[in-house]
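As a plain string of letters, each chain reads:
Number of protein chains: 2
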Amino acid sequence: MSTYDSRIDFQQELRIMGQAARKAARKLALLQGTSKSRCIEAMAESLFDSSSQVLEANEKDLAAAREKGLSQAMIDRLTLTTERIEEMVKGMRVLCGLPEPVGKVESTWIRPNDLKINKVRVPIGVIGIIYESRPNVTADAAGLCMKAGNAVFLRGGSESINSNIAIASALREGLCCCDMPKDAVQLVPWTEREAVNEMLKMKEYIDLIIPRGGEGLIKAVVENSHIPVIKHYKGVCHIYVDAKADIQMASRIVENAKCQRPGVCNAVETLLIHKDIADEFAPKIAEQLTEKGVELRGDQGFCRLAPSAKPAREDDWGAEFLDLILAVRVVDSIEQAIEHIADYGSGHSEAIITESKTAASLFTESVDSAAVYVNASTRFTDGGQFGMGAEIGISTDRIHARGPMGIDELTTYKYVIKGSGQIRA
Amino acid sequence: MSTYDSRIDFQQELRIMGQAARKAARKLALLQGTSKSRCIEAMAESLFDSSSQVLEANEKDLAAAREKGLSQAMIDRLTLTTERIEEMVKGMRVLCGLPEPVGKVESTWIRPNDLKINKVRVPIGVIGIIYESRPNVTADAAGLCMKAGNAVFLRGGSESINSNIAIASALREGLCCCDMPKDAVQLVPWTEREAVNEMLKMKEYIDLIIPRGGEGLIKAVVENSHIPVIKHYKGVCHIYVDAKADIQMASRIVENAKCQRPGVCNAVETLLIHKDIADEFAPKIAEQLTEKGVELRGDQGFCRLAPSAKPAREDDWGAEFLDLILAVRVVDSIEQAIEHIADYGSGHSEAIITESKTAASLFTESVDSAAVYVNASTRFTDGGQFGMGAEIGISTDRIHARGPMGIDELTTYKYVIKGSGQIRA
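Those sequence lines, one after another, are chains A and B.
For the record, in the first sequence the residue sitting at position 166 is 166 according to my numbering, with numbers rising by one throughout.
For the record, in the second sequence the residue sitting at position 418 is 418 according to my numbering, with numbers rising by one throughout.
If a hint is listed, it holds; no wrong ones were tucked in.
Which copy is meant is left open, so a pair is good if it fits within one copy or across any two.
Cut-off 30 Å, straight-line C-alpha distance, at most; resulting in silico cross-link-like pairs (DSBU-like, lysine-lysine):
1) Lys-292 to Lys-418
2) Lys-234 to Lys-201
3) Lys-119 to Lys-104
4) Lys-23 to Lys-357
5) Lys-275 to Lys-244
Hints are computed from structural coordinates only; laboratory data are not their basis.
Bound-form chain A, shown alone (with noise of 0.2 Å):
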């Protein structure tokens, strides 16, 4: 339940909060890579041992959140249970594993006037997350910034708050029996939206914002943060299969993008074909994914080729469906392609289906998405898939990481300059 008391000063509360984990980063900054382990393994072992009490707060939520008749699929993602709470502990336990991101020397070159320039990876201090309804993030998040160096500033969806406040007393405990300062990990226990708005403003204490959640949620962070956000938004994926493409191959890749999970950022959600391989690959193609359940809107030119197909509307171009639904279009040419790429997607992952090694160099050329592909699937779009090990989320944003996000991204550099006296003339 949250401790909400009209007469909480929310901004002190949050900045002391706030100079709290200040200090605490300041000191994980400075810890050895074992030691971070041992921080990570003391967390993930106090969680375990509060496995009952987690659950009990769990209940709470699930009590409320029935009460408030929210819908199965919330629900769904709100219920813990032990095995659920074992792979929080599994997963924060393989980052143990990982390689140390911080103190790597990334470039070094010396000057004429020989002084010697080091860019080397430091963390980024304070990471602020922000959200929904998901528990596991709390723990998840808070190993992920731990290994890279930082302290977490978290605020969870007001429907797991009862979840996320007895994880992150565990996760405190953990760092307290190590000797580190619990404050490395602090909670949001307000659940009002007057606290959100304070902490966006706390640029002297958080130094990076990473929502994650719906649509509502990040462009109410985006419009509120004085602290650089990055976002990790929705996928509005593309696959163009061109007029060189192994037709088998294509619908190998189109069944496995749209159905192997259609509910997550990286499934497909608009299909291009070329016109020149439509007559034979739009008929299989739609008679495949029907029989699969999935729901194909075309356009004319694959409406006409696929008689199950309903005609699409102009909003289910750029749509995140998140379901077994599809947009579907036939293009004159791999340049319209391009274009409705540029149009309507996210610019999270898009692939081309070809055999033409020009096609595929003007695609990977001109599509400008996070994660472009040649022949496969837009579902490897993972920091697990990329071999990063973990990631905190897929960025759709420009500036400083873009795509699976994992531990080096939520690192930052600085230059170590080393001299013998030099002056500027």
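Take the given structure of chain A and dock chain B to it, following the hints.
Same frame as chain A, now just chain B:
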């Protein structure tokens, strides 16, 4: 003169400009290095050819400035001469010879399923620059952004509006001569604050905002922008003279960092002296700096050893004097120096003067600033001095770019992934 008209719908006008910039950016992103050099050369030539129009426009700004009673320093910054225009032209031409930043493959790896992932440098897109009086920024920023494949959306100060309009017109004309969309360079011709605020909301058309100017400008931009901002804020630089410092070297470096050009952000503002070396060093540096006309504001420890110093007030710590003024404190330990910098520094540039490797390591690891020096002047924090060729400014932010921000920092990356039909299991 501003073309102010109360009937102007800033939102609509700016959005039209934004759309055009976005379209131009898409075209720029596909240009080879040689084509971009041709564009920059054409812009430079056109600017040179328009010298008389630019000087005429500048005359109008100067007349208005005198009428408004602006300070001599302001008028100096505002003034253009044939030489200053030639400098702008030369600056643009230098860019042509610098390495091409776009298309560089930063890293490549192959996943166990044989997907080949390439991380490739690409332009950011459209970059908004909001700046104050110096009209040369108009040409410098346009050239730099073009070199990195970006369109630029400029908004200069009201004092230089006529000069900026004349320079931007020349640059746009140059682009036309080489068959490029002139909208790759946009200049907001309205001086009203309303116009900036509308510009800061155009997240569909502008990808990054770089404010260049005083505290008030930067604060207003950060608070109102819906677009990511990289701040180029103040430099409160510190030099710490360690117990084990070479006193001759320390004197030379401190004098250089304070006196060589006191009005810039990488000049030193606070000197910290270890107590064990203070008896010897403090009187010496006090005499040396006083001779150079520097006003010293010391803590008790320093004032005792340097009678010429005034007592420092609390707000002298962390002040950016930008003048021949230096705050000086005697510290008990290197740890106290590090803490002082963490508490009062602006994260710009700090230096330690020491012969001790242990002290140097502790300092460079613990001090969290964009540039941390051992035995060199803070004055080297500068794109040219770092070997970047040119810079758009010096970032005091932690996200995306830190320290001198050159051409590479005006790019982002995308992942290009090549497969042979891979789907996700």
